[in-house]
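Take the two lone chains and join them into the complex the hints point to.
Chain order of the listed sequences is A and B.
If you want the working numbering, it's the 1-based position in the first sequence plus 21.
If you want the working numbering, it's the 1-based position in the second sequence plus 21.
It should be emphasised that the hints constitute simulated quantities derived from the structure, not laboratory data.
Zero decoy hints are in this set.
Derived lysine-lysine pairs resembling BS3-like cross-links, with alpha carbons at most 25 Å apart: (1) A:208 to B:35; (2) B:35 to A:264; (3) B:27 to A:208; (4) A:289 to B:49; (5) B:32 to A:213; (6) A:339 to B:35; (7) B:144 to A:339; (8) B:27 to A:213; (9) B:102 to A:46.
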Amino acid sequence: MKIGKQSLTFHNVFIGEGAVVVGPKENQGPLSDYFDKAYDDLYCGAKTWEKAEMQLFKDAINISLSKNNLAVCDVDCLISGDLNNQIIIGSYTLRDYELPYLGIFGACSTSVEGLIIGGNMIESGSCSKVLVGTSSHNATSERQFRYPTEYGGQKPQTITSTATAAGILLLTNTKGKLCLSGATIGKVIDAKINDPHDLGRAMAPSAFDTIVTHFNDFNSKPNDYDLIVTGDLSYYGKDMLIKLFDEININIKEHYDDCGLLLYNQEKQNVFAGGSGCGCCAAVTYGYLLSKLRDNTYKKILVVATGALLNPIIVAQKETIPGISHAVIIERIDD
Amino acid sequence: MNEELKNVIEKVKKETTPKRKIFINTLKAFLVGGLICLVAQIIIEILMKSFGFNQEMANSIAITIMVFIGSVITGLGLYDKIGQFAGAGTIVPITGFANSMTSAALEYKSEGIIFGIFTNMFKLAGSVIVVGVISAFVFGTIRYLLGI
Numbered sequence: 022m023k024i025g026k027q028s029l030t031f032h033n034v035f036i037g038e039g040a041v042v043v044g045p046k047e048n049q050g051p052l053s054d055y056f057d058k059a060y061d062d063l064y065c066g067a068k069t070w071e072k073a074e075m076q077l078f079k080d081a082i083n084i085s086l087s088k089n090n091l092a093v094c095d096v097d098c099l100i101s102g103d104l105n106n107q108i109i110i111g112s113y114t115l116r117d118y119e120l121p122y123l124g125i126f127g128a129c130s131t132s133v134e135g136l137i138i139g140g141n142m143i144e145s146g147s148c149s150k151v152l153v154g155t156s157s158h159n160a161t162s163e164r165q166f167r168y169p170t171e172y173g174g175q176k177p178q179t180i181t182s183t184a185t186a187a188g189i190l191l192l193t194n195t196k197g198k199l200c201l202s203g204a205t206i207g208k209v210i211d212a213k214i215n216d217p218h219d220l221g222r223a224m225a226p227s228a229f230d231t232i233v234t235h236f237n238d239f240n241s242k243p244n245d246y247d248l249i250v251t252g253d254l255s256y257y258g259k260d261m262l263i264k265l266f267d268e269i270n271i272n273i274k275e276h277y278d279d280c281g282l283l284l285y286n287q288e289k290q291n292v293f294a295g296g297s298g299c300g301c302c303a304a305v306t307y308g309y310l311l312s313k314l315r316d317n318t319y320k321k322i323l324v325v326a327t328g329a330l331l332n333p334i335i336v337a338q339k340e341t342i343p344g345i346s347h348a349v350i351i352e353r354i355d356d
Numbered sequence: 022m023n024e025e026l027k028n029v030i031e032k033v034k035k036e037t038t039p040k041r042k043i044f045i046n047t048l049k050a051f052l053v054g055g056l057i058c059l060v061a062q063i064i065i066e067i068l069m070k071s072f073g074f075n076q077e078m079a080n081s082i083a084i085t086i087m088v089f090i091g092s093v094i095t096g097l098g099l100y101d102k103i104g105q106f107a108g109a110g111t112i113v114p115i116t117g118f119a120n121s122m123t124s125a126a127l128e129y130k131s132e133g134i135i136f137g138i139f140t141n142m143f144k145l146a147g148s149v150i151v152v153g154v155i156s157a158f159v160f161g162t163i164r165y166l167l168g169i
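In isolation and in its complexed conformation, chain B is listed as follows (with noise of 0.2 Å):
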């Protein structure tokens, strides 16, 4: 290609990048997101005051119960049209890890149990559990130096 046809290339790819909605994504991604930690703190509630947990395993079952509800929204084929809307509002939380997991434990059905399923799920979510353990040993390591 001659010089004048990339400097016209250079020029009008610069002039044509998108711009990235970064504020609207942000507004949505806060509303999605608290109101999934809003459910989840209901549940903790209700799971404390009528049940009578103590606080360390309403958590625990809380988290269980919105594990189970990320997984079976995305069973249904919902979660990644939710997704699409709220960005990371849905991914953070920890019904996006089970969304991460359970789609790719669909995806990878095709290939068989062990191959398949087995060898893929931790496909996307296998980076959440690296960088967790990571960060749990240098922040564990630090606060043990610290002597807190």
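Chain A extracted, bound-state conformation (with noise of 0.2 Å):
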């Protein structure tokens, strides 16, 4: 149902088991112990970097499938995106699988885009069982959208580390500990900020324009919710969604996070600015936050994915980089 001016709530959507697959940075961080399997190489095992991020995709199906007790024929739809050119990594995997999919892009907004799309085919009887899922691949985006991974050009102290990581989520109409309530769809915000490097600070002013619509289609504020988090807005984006509240004088502070900076040790490990990247926030938020959703430390929590919807070739003709951040909101039911 909507509610509102660009929000929906939901009211029989429930999360099922997550399964996170992620690359060796990712198992050396603070939250390894949330992570269903991890590689110890970044190729995966695979020949080449595509194919690595397709196999860390494909053990997330095949854990989540197995984790929910479920054949693939039980599966009406599977929802997926990440950030290869014409999201080939969903298409490529799913070649091996009887499994309707829906393909979609929202550049590191996909796990929530995902949910978003999945929950409103549980909410309107169409489907009773639905995996949301995306991958992104350090190596693939490195070439994707900057230099070889060897080239020894300098990175600007504001760039982000792309997360090896696959994340699979089932939304289910079987009624869970955990529920999908509600969800705020973003809106394409260019706040002009035309550094590739800087893309925290360029999605910053999407979370922004989300998170303020959200509260006002709620009716709800920073208290609410046990915790916020952003995708991947890194040190610098984080510093700026922070400021962009106290200048309208709402306090987040207390109450956000970003999962960018919650997937490494920003003091010992070297990712730059934080970490990014679809499978940044999918790893946090499917395998960490649900289960301190599940271990009753969290009762609430919202989650808004950014997404910088640039690419290299837009870039050099010297536009700006537009951002969008989508947001749900996930909580724990109490018998």
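Laid out in structure tokens, this is it:
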């Protein structure tokens, strides 16, 4: 049901088990206990970076099916997207599965965009089980958006490090402990930042707009959530978002964090201004945050996945970088 | 978005623009770049004094050796780490040119020899070649016209 300007409420969408598969750096980070599988090598046993990312995605699908005790034929649809040209990871991986598939692109906001679309399919009653997922790989993103991995150019301090991770989450109409109770669909916001090495600050205004709209639509405030988490704003984008809220006299600092900063140990691991990529928000949300909801640490959280809608060609043409942020409320149902 | 939020974004955007560490980066680039040049100079001196090459020949051999060293360090996965510290200090010398070609060759190996390596090897280094040819033409013409 639509609520307010751009939000939706769900009453019948529950969250099953998620599966998260990560690369070596993510597994050395503070959240390693919350992942289902990890590879010690960035190639993940494959011959190319793209195939390595497909391997992560495939593992995540398989683990998620087995954790939920489901066969492929029990799933009505899989929704996914990634950062490669023409979102090949999902489509090529699903050649081997008899699964209806919807490919979506929302850059790094995909993990939540999928939840909103899947949530609607369940809520409408047209589907009973939908898998939602996404993936990213450090090396595929480097070659897609930046330079060859071994190129010696100096990266500025604002750059983020793409997470090597794939996450899959089951949405179902079977009542469970966790539910997806609301969502806010973001608008494309361009704050006229044109530095592709500072995507955190390029996306922060879109997160700001989505969260402000969310508070208005649901008539809620930061205190209503145990945690508000953004996808991959980096240290600089996080700082900017806090200052943006300070300007309108809303204090979100105590309840706010960023997935890219939770995923790694900022002091010991060399990830520049923080983690990023579709897999970053998916790994932290589908793995760590859902566990924290299940073990009663949190009751209700707001996940705001943030995407930078650029490609290298349009940036080379001196265009600015628009951002988009989608938000979902995930909460625990206490009997 | 309403005007109020737009103004807030514009204001905070200006306030949070990160400052680049230009001084410290320049210093690091100077030191590491200088060190690379020192190594090349030592090689030239050895070639001239111990092997009896003339200056021109010693220069050419030294450049070849530096390109080789740059490529090997890239292949070992170390050049990008040194480059992160040194910035322009490792990009400007000839070893940086070697790195830009070797890293591209390694990166595009997965697309095959012709459409991968051959097609993309000059992807980063190509700009250096183009600028080199254009400047050689411009300065060569000036030199000719001035009769130097």
